[in-house]
Amino acid sequence: MRNLVLISLLFLLSESCAVSLFNNRQQYEMTDVTWDETYMWFRNLDSYSLFNASVTMRKNHTTGIMVIHPLPVGGHKVVFMTEFGLKIFDMEFNDTGDLKLHYCMPALNRKPVIKVLGSDIGMITGNGITDRFLSALYDRQTGDVIYRFRSKRKRYFHIVGSETRKVSSVIRTSSTFRKVRADFYGKGGNLPDSILLEHDHMNLIIKLTHINETRSTSHE
Amino acid sequence: MHRLIILMLLVRICEAANVCAQDNHVLMRDVNGFKTRLEAMSEEVETIESDFVQEKQLSVLTDKIISRGSFSFRKENNIRWEYIEPYHYLIILTGNRIYISDESGQSQYDLESNRMFQEMNRFISGCIQGEILKNDIEYQIEYLENENEYYVKLVPNSGMMREMLNEIQIAFDRNDMTVMRITMVEPGGDYTRISFVNKKLNTEISLEKFSFN
Chain A
11 MRNLVLISLL FLLSESCAVS LFNNRQQYEM TDVTWDETYM WFRNLDSYSL
61 FNASVTMRKN HTTGIMVIHP LPVGGHKVVF MTEFGLKIFD MEFNDTGDLK
111 LHYCMPALNR KPVIKVLGSD IGMITGNGIT DRFLSALYDR QTGDVIYRFR
161 SKRKRYFHIV GSETRKVSSV IRTSSTFRKV RADFYGKGGN LPDSILLEHD
211 HMNLIIKLTH INETRSTSHE
Chain B
8 MHRLIILMLL VRICEAANVC AQDNHVLMRD VNGFKTRLEA MSEEVETIES
58 DFVQEKQLSV LTDKIISRGS FSFRKENNIR WEYIEPYHYL IILTGNRIYI
108 SDESGQSQYD LESNRMFQEM NRFISGCIQG EILKNDIEYQ IEYLENENEY
158 YVKLVPNSGM MREMLNEIQI AFDRNDMTVM RITMVEPGGD YTRISFVNKK
208 LNTEISLEKF SFN
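So the sequences go chain by chain: A and B. Counting in our numbering, the first sequence runs from 11 upward without gaps. Counting in our numbering, the second sequence runs from 8 upward without gaps.
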């Protein structure tokens, strides 16, 4: 019984903490607009896109190329590899956001690492997150709309720019008060120009910059 | 049933003959001769300049990811590897230092302080100069050839390495013994192939090309 009370208290605390991100009554007001999936990046793509990627995890820093490929059945395949082509990890997110790990190089292949990287990359591709819409807030100062979602015991806040009608930021909060923020920079379309993802409680930063590629066929 | 037996027999015949139907590779007849020629080339060549085309084949993609760049080598242990398109990435290995310049900035490392870069240096220079073929402790080596090239397959012995690479294939030009292409095959069949084109041997390459400034 004691545990139940404690858990309930913790839950209430976490709820209030999550809401407190946008609780300035003068700045925000509830709005009855509904979510539109076209606000998300990486939708309606017919081929892969390439990003220069840098991942800083604690004292380790690595750069490489990230391939984000839409799957015909929904969801995305994400491959991170060195510039020389050696695969670092290969993940697949289905349309409900479930992660399937196809490969991870031995030095990184630890359950906690995969869990964190999977959550973060999943936050960028956005699969399965926006299925459970809770409410929306209107930002009087910027004209942005903040959409609240709950998915897999985590809360997500998608901030949609008033001009671009695209997600400019995604904030993820968990019951342990940890916060992760991904900022998307771009002028519209289906692909962002760059993405910056940061954790507030640990040194984990993922930076992606879109590579403008002229597709050509293989020389062989 | 008959068809199945015939098919199995054909597979066996191909295996027995060690024939790779795609490139008509057969077992190398004179492995020692090949090694002698490679060693002589390695002695004679002071510099190599080349362009390269890198193809990345991922099973989920219908197109290969193509990148291009230039490669320079100057004895001893000076390697410059520069990707020009579709992204910029420069790596210089010189002596026991490594310099990397990419979109996120520039960095320098001491090779001895970083095992991964040590291995990378050993692998790249080993492939280019053929030193890797002396390493029959870490690799099982199979020697093949066709009319245009010598073709060597290296299968890593270590389980850790095999989790990353199933096989490394190096094709050497029969005429000048330089590396024509390196293919790194991953578990699952995805691969990276780097083909060297417009090769120039023993041209003057200034040491400045390998400086970090």
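Derived from the structure by calculation, the hints contain no laboratory data. In this text the structure is predicted, and so the values were computed from the model without any measurement. Each hint should be verified, as a subset may be incorrect.
Here are the simulated lysine-lysine pairs, BS3-like style, with alpha carbons at most 27 Å apart [what the hints assert, rightly or not]:
id, chain 1, residue 1, chain 2, residue 2
1, A, K217, B, K42
2, B, K82, B, K141
3, A, K110, B, K141
4, A, K125, A, K197
Chain A residues, not near chain B, derived (Cβ > 12 Å throughout) [what the hints assert, rightly or not]:
id, residue
5, T48
6, V155
7, S172
8, E173
9, K176
Heads up, the beta-carbon is just placed ideally off N, CA and C, and yes, glycines get one too.
Outcome of the hint check:
no.	hint	in the structure
1	A:K217 - B:K42	46 Å, violated
2	B:K82 - B:K141	19 Å, holds
3	A:K110 - B:K141	39 Å, violated
4	A:K125 - A:K197	31 Å, violated
5	T48	24 Å, holds
6	V155	32 Å, holds
7	S172	30 Å, holds
8	E173	27 Å, holds
9	K176	23 Å, holds
Comparing the model with each earlier hint shows violations of hints 1, 3, 4; every other hint is respected.
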